[in-house]
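Engineer: Chain by chain, the residues run as shown.
2 protein chains.
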Amino acid sequence: MKNQAILTLGILILTLNLFSCKNGEKGSIESSSEIIAPQEHPKLILTAQGVQEIRSHLGTLPIFDNTLKKVKEEVDAEIQLGISVPIPKDYSGGYSHDRHKRNFIALQKAGVLYQILEDEKYAQYVKDMLMRYEALYKNLPVHPKTRSYARGKLFWQCLNDSNWLVYVSQAYDCIYNYLTAEERKTLETNLFRPFADFISIQNPQFYNRVHNHSTWGNAAVGMIGLAMGDDALVDRALYGIKNIEISANAKDNDGGFINTNGKAGFFANLEEPFSPDGYYTEGPYYQRYAMYPFLIFAEALQNAKPELEIFEYKDSVLIKGVNALINLTDRDGDFFLLNDAQKGMSYHNSSLVSAVDIAYHFGGNSPELLSIAQKQDQVTLDDAGLAVALGIKRGKAKSFIKKSIELSDGAKGDEGAVGILRSGNIELVFKYTAHGLSHGHYDKLSYALFDKGVEVVQDYGMARFVNIEQKGGGNYLKENTTWAKQTIAHNTLVQNEVSHFEGKYDIGSQHHSNKYIFSVDIDSVQVASAIEENAYPNTKFHRTMVAIKDSNDEAPYILDILKVESNKPNQYDLPFYYLGQIMQTNFNYTKLKVPQILGKSNGYQHLYKEASTIANGENIKLTWLLNNKFYTYTAATSNKDEVILARIGANDPEFNLRTEPTLILRKKKTTNSVFASIIEPHGTYNPISELSVNAYSSIKQIKVVLDTLAYTAIEIESIEDKIWLFVMSNQNNSKEAEHKLRINNHEISWKGAYVLKELN
Amino acid sequence: MKNQAILTLGILILTLNLFSCKNGEKGSIESSSEIIAPQEHPKLILTAQGVQEIRSHLGTLPIFDNTLKKVKEEVDAEIQLGISVPIPKDYSGGYSHDRHKRNFIALQKAGVLYQILEDEKYAQYVKDMLMRYEALYKNLPVHPKTRSYARGKLFWQCLNDSNWLVYVSQAYDCIYNYLTAEERKTLETNLFRPFADFISIQNPQFYNRVHNHSTWGNAAVGMIGLAMGDDALVDRALYGIKNIEISANAKDNDGGFINTNGKAGFFANLEEPFSPDGYYTEGPYYQRYAMYPFLIFAEALQNAKPELEIFEYKDSVLIKGVNALINLTDRDGDFFLLNDAQKGMSYHNSSLVSAVDIAYHFGGNSPELLSIAQKQDQVTLDDAGLAVALGIKRGKAKSFIKKSIELSDGAKGDEGAVGILRSGNIELVFKYTAHGLSHGHYDKLSYALFDKGVEVVQDYGMARFVNIEQKGGGNYLKENTTWAKQTIAHNTLVQNEVSHFEGKYDIGSQHHSNKYIFSVDIDSVQVASAIEENAYPNTKFHRTMVAIKDSNDEAPYILDILKVESNKPNQYDLPFYYLGQIMQTNFNYTKLKVPQILGKSNGYQHLYKEASTIANGENIKLTWLLNNKFYTYTAATSNKDEVILARIGANDPEFNLRTEPTLILRKKKTTNSVFASIIEPHGTYNPISELSVNAYSSIKQIKVVLDTLAYTAIEIESIEDKIWLFVMSNQNNSKEAEHKLRINNHEISWKGAYVLKELN
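Each protein sequence line maps, in turn, to chains A and B.
Position 489, counted from 1, in the first sequence is what our numbering calls 520; the numbers after and before it change by one each time, with no gaps.
Position 67, counted from 1, in the second sequence is what our numbering calls 98; the numbers after and before it change by one each time, with no gaps.
Hints are supplied without guarantee of correctness; some may be wrong.
Copies of the same chain are indistinguishable here, so a pair counts whether it falls within one copy or spans any two.
[Stated by the list, open to error] Listed below are the simulated BS3-like cross-link pairs for lysine-lysine, each with C-alpha atoms no more than 25 Å apart in a straight line: (1) K624 to K509; (2) K734 to K700; (3) K622 to K427; (4) K427 to K535; (5) K771 to K273; (6) K120 to K216.
Simulated from the structure, these hints should not be mistaken for lab results.
Keep in mind the model is a prediction, meaning the values are calculated, not measured.
All chains, full assembly: derive it from the sequences and hints.
Structural biologist: Okay, structure coming up:
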């Protein structure tokens, strides 16, 4: 043993010389991804070498020491409280669910504390609780709650059981040497192995898929396999269960297909849902959730089986995934709402703390990640966290500057993308992805707009209050299907009051939108453009969103051009989910005495129509106030377009929905058309000084001056009588193509797919 | 002159010895309220002596230097922009209004900068702008906008013209010696004197009242009088215009009576609306607004006419007023919403900066005020601000700890009060005042509840967007009368769907509620109780609010007992304006397909009924989530009580109202009854960890176990089966009275008006 440890240290020092070892620094945890981990315990997230390093740095690394102090307080409080291992009974939010969840978190932390602090009380606590679980589990039936397609034992779904095992494997690894052989045998025979078999072999519909559920399952089985030294389990984790037949039509609770053509196991889950840019097709909320098992298992594999080179897999897709996730947050670190997602989730979530630390430690020590770790203000108590703490201590942190970025979707990166335009304080998230598996929404070419980290034009997110038991057990509410997933709940086009792909997952999951342009080199005119041709058969819509900074003084505004072409006349609805209170409209409307329900189905049944008017072909303007800021929406209309002011909340018998407003621009009996509008942040209100600044829009008019198959041209006139022309080539997105056009006596020529030109 | 200055300094030093002079400190601005101001310029808010002191401390007092830097930047930017004195045209929020407002602020600041920095560019700027105003004003007609009962010339109302003169007097005072005698004569003859006459002699209906409008008018006339050395104007300011007849029925735009029985002038305005506790009867929002002219004029009088001893007037009511105002703020410094008030106004408002600095300087150097000044992070650039900056620099600041407090209303303190209970993170504001002049609401015995500075059970405030021109010119909206002032818009009792005093100011202004108990010595049981006998003839309601802290671990909760007695059966509605989203109710309700308008008038026409049920005599519970915190309302009901879930927003054609929810408990055909309920903050939700903590109420049941003329007893049972009994003596509020009662086999005896007793 001793010889091996010395050998390891030798390799470590050698490796470090290749990287960052300066000024005679001796073997350090930094850049240690090349360490060949010793085959001893701990070996998952901690290594024998890492533990030595951590102990030697205690008291010298504030971020690590503070985290340690907090974790110690938490675990000490749990120990003080005493162990409780209740009979499983509740859905999420209920006592037994929450208690078991708290238990696995406490176990993982106690294991780590034992290693770092060498205080046996923590090992004793882990051992005692594991023995209680052993006693409970050996005769435990399936969980009494029946809602899940894959019921667990400790929890109502195998997913949560897998969470438990991912954490508990780490605890077991930490106290492995503390236990007698006899004790280990008891735990492995009565608890861990049957537990691993239950969530895999006995629940292949859960385990053998490409889905975040399966990733948790794979990591759980794999990590306990590594901890126990059971290669068969590790193999099952990496490659799935062989020779399993699952019906092609079987679906999970969210309506997702279970059969993934035999693709299963950790590698398959790395292969399929991640794009080459690291975007996870379910969206950032679930990517955040899935990143923990992906990365923690990868870390364990790297430590225990470095020969797999897991972090280099698929051109380092795991590391890219962390980078993508950070780019999918607003200014404050909150995730953008793509597909099912709860508002308020951010990179401060503990799974992102792991992700950032692991990506730093195993992904080349990017100094930008250190600045995110500083914002998180905590690290993981393991080798990765130590590396981050050392990096920060040594002053290596650099700002992570989030820029405009396009993240492709699809395993090969050819199934559309998310385009994020960042300009001034504005962040626009434009979605032209694939469906997003069973958590996808029917919202092709939708978008949301943020101003200084505040959502101004919203994506509703999901209809769910995660872990609030009073609201449907904390699970998805029925309004998630009837409202939140439907197209009308989003800022995108609805044809004939039917959702994209008829709201059918079977259809939607076969298609994706297509990128057209993503051009952000010039800060003052940034363009994202994409096309959707499958949401409605024989209808194509092409949306172009432009972030325009007119001058340095003023806030940027968004130009939104949505061109639709069909083979027959349709009704087109384009909702605009502004958040805040109406200050003024430039149009007269009739407010209804009593709201009317807007429609019968496809989400329309959840909207109350509060007011409406018929447009006269001039611009409509709506100015609203949110968070003491003024915003204006200015839209070109055609004569007889209907303008509907509506509010969410109809057919909501349990007040599950938020009663927020929308404006719907409706074109009836229209075959081809263009929706052109501008969203403009322009002013502020101060309730203390009671002063309004720039309370009025600076846009006098927006006009569609040309619309052919080949070109769409929009004229924008400011209140200072400046006139701008934006022209889009609809059929040729080449950067090299040269164009020449005559519009209203102006001769315009340009190179590339679009041009913005001042006319006067 | 020189001799006088030396003499002044001598007196100053003498005075200081009596107060705080230590360690051989020499004559300092601190404690200088005894200075006899020299009869030279400046003499209003700055004195020759003060200016010397300020100059000598420049660069050594961070809070003063930072304010100076900011003010200099602001004024430099204005100078850079150039002078604009537009023809008056707009309502508030419009260009001409805002520009003139910015001008008077810039003038005041530029004057001060000239004195402090001795840079003539500031004097030049003031002079140039004043000359522009002189040129404009001499032929200026009355303002074109006609809505005001007292139209101004620069602004649409004399009120704003008075604002202008209060500020500009200070600017004039600062550059008085910079101007030639000729220039002064031009300004005084063509601008200041006609201006002062216009807002006083030509608008007695504005000037000669007891009202915050008149206070501004008085201060304006008085300050320009002091600046010009015109004692006739000062006299008019202090005592009003003599021999003016105003119709007894004349009213202002807010419906307030104009005739105040000949009471007029600054002294009358000090006498009438302030209670001996310093509470201003219109409420804190207007007190904040009125404090500036009160204090700035008082400061000028103290400097120029110290023999008036203005700060000692009425037992130092002005200083008490500042203390009352600070006590009328929540944890974050935001004012409680009493009567007409806009949310978000706080002690960070510039008028409170003046108020705090002046109260510190002229009111005995209370070290607690220094901590408020630190939070404000700015000081006034004058003698008072210097005193504060010196106090802070010398480490004298002490925390201003806001405690439970009762502030009496009425000139003599015998017209009811505001009771504020503070317990843990909770602040309860209970209103049992007089009407509050024309800004009063019909909300006897109403309340609002704050948790850590967040309003949880709300007072709607006013229906107005101050200075947002798009919303009715920034003025009061018609919904202020039809909704915000009405009783149903508040958390208090409505009889037969009619507002208190029939919603008539003529009646309401003649009455006030009466204090019954305010007992806050024991932190864990704090009681405020009051009675209203005039809101409805022959109906008496008696409300008792108790802040109870059950144990140290848990948040305090509020017990609310509202006892009503009448001579006939009535319908009683008790609304509960919780803010947030419903998580759960313990009762089944029928949600309407489409909301119904709740009633025809008195504010009911603005409420949509969304759902309702008939209570079965058991408790009703409603748990809601606000700002990631859980709250529960638990109310005892009688069989057949109606429970209505409603929302604001009906008959609101311009979306002027906020669509917020309420629960109304309705008792029909009831003569005498008790509404008993508990409001309980109990848990938190974390959207990052997605964990709920204490999501459920700890109250199992609340029950009215006794209700006679003499006593009301409420039993409270916790989920841990602890039972508490609260008994109230309804007719004897003596602290000394001894009571003995038998309730449900419990013999209870106590001393004082109430008792809270654990039964098991």
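Engineer: Now, for every hint given, state plainly whether the structure supports it.
Structural biologist: Hints, one by one, checked against the model:
| no. | hint | verdict |
| --- | --- | --- |
| 1 | K624 to K509 | between (30 Å within a copy, 17 Å between copies) |
| 2 | K734 to K700 | within (21 Å within a copy, 62 Å between copies) |
| 3 | K622 to K427 | neither (59 Å within a copy, 58 Å between copies) |
| 4 | K427 to K535 | neither (50 Å within a copy, 70 Å between copies) |
| 5 | K771 to K273 | neither (61 Å within a copy, 80 Å between copies) |
| 6 | K120 to K216 | neither (28 Å within a copy, 89 Å between copies) |
Hint compliance for this structure: hints 3, 4, 5 and 6 are not met, and every other hint is.
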